[in-house]
Amino acid sequence: MTLATREARWGAAGRMIVDGVTLQAAPGRVLGLIGPNGSGKSSLLRLLCRLRNVASGVVTLDGQDIAGVPRRRLARRLAFVEQQATTDIQLCVCDVVRLGRTPHRTALASWNGQDEAAVNQALERVGLADRHDQPWHTLSGGERQRVHIARALAQEPSELILDEPTNHLDIRHQLAILGLVRRLGITCIMALHDLNLAAMFCDEIALLHEGRLQAAGPPDTVLTPNAIQRIFGVSVAIGSGASGRRHIEYLVETEPGSGGAGID
Amino acid sequence: MSHAVHEPNWPARIVIALAALIALILAVALAVTIGEMRIPLRTALEALANGLFALDFPVGAIEQGVIFDYRLSRALMAGLCGGALALSGAILQALLRNPLAEPYVLGISAGASTGAVAVLILGVGIGGATLTVSAGAFIGSCAALAVVAMLAAGAGGASDRVILAGVATSQIFNAATATIVTTLASAEQARGVMFWLLGNFGGVRWPDLWIAAPVAVLGFAICMLHAKVLDAFAFGVDAAASLGVAVTRVKVVLFATTAVMTAVMVSIVGTVGFVGLIIPHAARFLVGSGHARLLPACLVVGAIFMILADILSRVLIPQQILPIGVVTALFGAPVFAIILHRARLPA
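Protein sequence lines correspond, in order, to chains R and E. Going by the numbering used here, the first residue of the first sequence is number 10, and it counts up by one from there. Going by the numbering used here, the first residue of the second sequence is number 80, and it counts up by one from there.
Because the hints were derived from the structure by calculation, they are not lab data. Think of the CB as a built atom: it goes at the ideal place given N, C-alpha and C, for glycine as much as any other residue. Any given hint could be a false lead.
Which residues of chain E face chain R? A few of them, derived with a C-beta cut under 10 Å, are [unchecked claim]:
no., residue
1, Thr-112
2, Ile-113
3, Gly-114
4, Ala-128
5, Leu-131
6, Arg-176
7, His-305
8, Ala-318
9, Ala-319
10, Ser-321
Work the whole structure out from these sequences, hints included.
Structure below.
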């Protein structure tokens, strides 16, 4: 058992943004949240780690309602990587990763060997061990995202929640980040925009639209031409690419009158 | 290796703590020996010994009074005030994620002075009992904090809006203070209040320290207990919450702590700007941005800065005392400019 929601609802300014979602993550697997802008992906992720409280319904961790779990204890289980979180404060890579130890340390505890080991191991896992002392402001977007993942790993979580971790990254870094997430071996729930990348890197996909769960399951069964047409309003053809993997092709005219396959 | 940086390095820590203590003592010693009335160092030391250890060196009553009751209490008060305001600035900058946040800029000092003036001139009280000036200042500072929070939330809650909200709050409370002073105070009261509003250590006596010292010490202890938590605010409120920080509780506790520290200092010495703003930046420049080191550094650097500023306010113009707020701004602004330029702080 891991994270699950039952009939989770949450709204703001009189509008339901997450509207009765029942969803379950599988332990050790990668669950992708897919949906158009404003479909409630980010909000659902925030409900999962209790950055927002459900208005009704329940979010459970190992079957226990997380509403009653102290925040510190929750943070030792769940780690959250935001989109593009940055800071004006002058920090170096190790300072940021050390923040991941916050839920493990009491107010008066001094930094110990276990903390140091967790930080170094986390940096090792994201491939930034040699950047230990580099200033945060000199990092590229992809490196910053990897540092955030290292910070999350330093929390030693059993569940990792990521909100569009590949946003604004070039394709090489997108693949690197998703490959990294894939190899972590812990339960990951992440919001993604790119349907092909989602199909490549997620074990399961949950499709959201207007705050409601439309479908959930393996990519093959969820990402069908029908569902994509209905929810994104885009026609697609699904074939197999050069690697033999399923490939979603967007059927749109790239230039007016170019005569390519169009939306009919 | 920087791996060693975070491991407790006791000998280095003790050396730094001792150096800070010696610097503080030197600043106080300087403050006690410099002044209008020339008093030989030996006499000054004897007067201090008499006052502190109940000894009986032959020191004239006037010299004894000037050194012990006037200059020493004043220097210690300046130190407490500078330390507490710098600490408040560091806390507000961390919680609001804005490098310009501090009690003066956010209008908390203005609110405190409105509360203090209301008590001084109107004799505002609760249930027949007149409030003390400190209590009035505290109520005023909390009111200002509430107004800032409301205005900032109404403007969307982004961290840059907080400063605009602070500007508006300062205006509101300064207007309230001016209204009370101009319509209800006698000419003499008005003059006294205006002088006090600009910051003035002249009226400080020992009983003031019995309020200020516990507040500063307790405030510092509360802030230090939250040092790690404050680090976790670096990437914002959601990031802090996901790291296990009880954001709402921490904010309430720390905002209240800064409000109390600011209120008590304002009620004793008036409003002093710039210290809460520049000292945290200067301290970051010295010890980095980790709060476990930054907060003590703010306390010490703020205290030394304010003691030196007070000395300057007394000797800069012979026969006259400048308001302390004027001195801190006069010297603080250029120092701030230099820090900004050198460290290229992302503002």
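Okay, the hints, checked on the actual structure:
Interface restraint check: Thr-112/E against chain R, minimum CB-CB distance 39 Å, threshold 10 Å, status violated. Interface restraint check: Ile-113/E against chain R, minimum CB-CB distance 37 Å, threshold 10 Å, status violated. Interface restraint check for Gly-114/E: the shortest CB-CB distance to chain R comes to about 40 Å, outside 10 Å, so the restraint is violated. The restraint placing Ala-128/E at the interface with chain R is violated, with a minimum CB-CB distance near 37 Å, outside the 10 Å limit.
Evaluation of the Leu-131/E hint against chain R yields a violated restraint, the C-beta minimum of about 32 Å exceeding 10 Å. The beta carbon of Arg-176/E is positioned within 10 Å of a beta carbon in chain R (closest approach about 7 Å), and the interface hint is therefore held. At a threshold of 10 Å, the smallest CB-CB gap from His-305/E to chain R is about 7 Å, leaving the interface hint in force. Checking Ala-318/E against chain R: minimum C-beta separation of about 6 Å stays under 10 Å; hint holds.
Proximity of Ala-319/E to chain R holds as hinted, the smallest CB-CB distance being about 8 Å (cut-off 10 Å). With a cut of 10 Å, the hint placing Ser-321/E at the interface with chain R holds, because the nearest CB-to-CB distance is about 4 Å.
Hints 1, 2, 3, 4, 5 from the list above are not met by this structure, while the remaining hints are.
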